[in-house]
Amino acid sequence: MGVSQLINSIDAAIASLAQGGVTVDTDRQQLLAAANRLRAASESPLDSVISIVLGLHREAGIRTAVEMGLFDVLVDVKEEGITAVALAEKTNSDTILITRVMRFVTALGFAKELGVGHYTSTPKTGFFVTGSPLRDPIIHIAIHSQVLAQLPEYFQKYGYKNPTDIGAGPFQFAMNYQGTYFEWLKANPIQQETFNRMMAITRLERAVDFFPTEERFGATDTSQAVLVDIGGGLGHDLAAFHARFPNLPGRLVLQDLPEVINNIQELNPAIERNIYDFFTPQPIKGARAYYLRTVLHDFPDKQSIQILKTIREAMTSESVLLLNENLLPEKDVPLYNAEIDFSMLALFSSMERTKKEWIALLEAAGLEVIKVWEPKEQLVASGTLFEAVRKDK
1 MGVSQLINSI
11 DAAIASLAQG
21 GVTVDTDRQQ
31 LLAAANRLRA
41 ASESPLDSVI
51 SIVLGLHREA
61 GIRTAVEMGL
71 FDVLVDVKEE
81 GITAVALAEK
91 TNSDTILITR
101 VMRFVTALGF
111 AKELGVGHYT
121 STPKTGFFVT
131 GSPLRDPIIH
141 IAIHSQVLAQ
151 LPEYFQKYGY
161 KNPTDIGAGP
171 FQFAMNYQGT
181 YFEWLKANPI
191 QQETFNRMMA
201 ITRLERAVDF
211 FPTEERFGAT
221 DTSQAVLVDI
231 GGGLGHDLAA
241 FHARFPNLPG
251 RLVLQDLPEV
261 INNIQELNPA
271 IERNIYDFFT
281 PQPIKGARAY
291 YLRTVLHDFP
301 DKQSIQILKT
311 IREAMTSESV
321 LLLNENLLPE
331 KDVPLYNAEI
341 DFSMLALFSS
351 MERTKKEWIA
361 LLEAAGLEVI
371 KVWEPKEQLV
381 ASGTLFEAVR
391 KDK
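Just so we're aligned: 25 in the UniProt record's numbering is position 25 of the sequence shown, and the numbers increase by one with no gaps anywhere.
None of these hints come from the bench; they were simulated from the model.
There could be a bad hint or two in this list.
Straight-line distance between alpha carbons at most 27 Å, and here's what the computed DSSO-like set of lysine-lysine pairs gives [claimed, not checked]:
1. 90 x 124
2. 331 x 309
3. 331 x 376
4. 391 x 371
5. 157 x 302
6. 124 x 112
7. 391 x 355
8. 356 x 302
Taking CB as the label site, the calculated pair distances span [unchecked claim]:
9. 100 x 354: 42 to 48 Å
10. 247 x 374: 47 to 53 Å
11. 210 x 368: 18 to 24 Å
12. 246 x 155: 47 to 53 Å
13. 54 x 155: 18 to 24 Å
14. 392 x 56: 49 to 55 Å
Glycine residues also receive a C-beta, built at the ideal position from the N, C-alpha and C atoms.
Work the whole structure out from these sequences, hints included.
Take a look at the structure:
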């Protein structure tokens, strides 16, 4: 097939997708993977380099547009469109700056250019309006980029060794800050709020889809805690859990720090709120299940073991720990997973872990993994559930 024929086939496929989209995650990820392979096969060496070095520019352009309020204005624009001059008036911005920022917005498909300095909305414009959960990562992950950009300088200064101290690593170096990332969040309320909301994007449904919840916990005593969500943020996971299993007996307990719990605007009254620091003794003893979702990847082994030991001490022989975490493949790691792993390195001196590393971590805390629950389709960023019990010598 010649290049022109290939382009025609690709354009036809794009037009077909535009009609109905891709609704199945497995199909969508396979399609994206194929598109990435096509791009890689088409790139020249210079193209490959440019795609790496200019990645930060896109984030900076979209974040600037978010903070200017451009998307809030654009989302209501109809077919007639809006001019750069009008956008500048509505956002109290400079017209020339509007034009420059809108080059990113239109090139990435979040608006459409009708003519010179004349724009309208697209189906993607609403991604970054006020109130959208997709807006928070744009604001919050920018901090990650500031740290990541200085990783080479950090390693040049301190040597090419894997960082393992959550209080003295790349984050502290880049931000010139004495304290952990979480302490920095506490001192920056806007970042704390965006972090809290961003954590709600991934939900507990991923785990309960392949864990036999009702079979295992259906006979729980009504006075017993059936599920304690440790570090559970604003409670989205437990709210989804309760909606999925409204008749499951037992108490549902949400635990997090005061700056998180006190920021909850709405939560089902069936869920108990418990202000708790998971480095201190666990106050809920003998729960049927203790649950951690993407908490421990934020901590190096030393602190992770401390957290796990506080849970172990509260567990009885009937208790289980359910650890829902990203699983790093042993080989052929997708780019997304490698990127998240570097975010953990930069912010927390921590890491994404393989199955062997997760099991070893749990065993080091006196826990025994009795089963690893995985979804039928292991997608990029799929959650894996480790079920562990207290191991007594």
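Does the alpha-carbon distance linking residue 90 and residue 124 stay inside the 27 Å limit?
-> It holds: about 20 Å lies between the C-alpha atoms, which stays within 27 Å.
For residue 392 and residue 56, compare the CB-CB distance with the range 49 to 55 Å and indicate the outcome.
-> Check passed, 50 Å falls within 49 to 55 Å.
Regarding residue 210 and residue 368, is the given constraint of 18 to 24 Å on their beta-carbon distance met?
-> 21 Å, holds
Regarding the pair residue 356 and residue 302, is the alpha-carbon distance no greater than 27 Å?
-> Measuring from Cα to Cα gives roughly 17 Å; hence the hint holds.
Satisfaction of the hinted span 18 to 24 Å by the C-beta atoms belonging to residue 54 and residue 155 = 23 Å, holds
Does the structure keep residue 124 and residue 112 at a Cα separation of 27 Å or less?
-> 10 Å, holds
Is the hinted pair residue 331 and residue 309 satisfied, with a Cα-Cα distance of at most 27 Å?
-> 30 Å, violated
Do residue 100 and residue 354 keep their Cβ atoms within the hinted range of 42 to 48 Å?
-> This hint holds: roughly 44 Å between Cβ atoms.
Does the hinted range 47 to 53 Å hold for residue 246 and residue 155 at CB?
-> Holds, since residue 246 and residue 155 (Cβ atoms, about 51 Å apart) stay within the stated range.
Straight-line Cα separation of residue 157 and residue 302 no greater than 27 Å?
-> The given pair, whose Cα atoms are some 24 Å apart, holds under the 27 Å limit.
Between residue 331 and residue 376, does the CA-CA distance stay at or below 27 Å?
-> 19 Å, holds
Status of the given 47 to 53 Å range, CB of residue 374 versus CB of residue 247 = 27 Å, violated
This entry does not satisfy hints 2, 10, going by the numbered hints stated previously.
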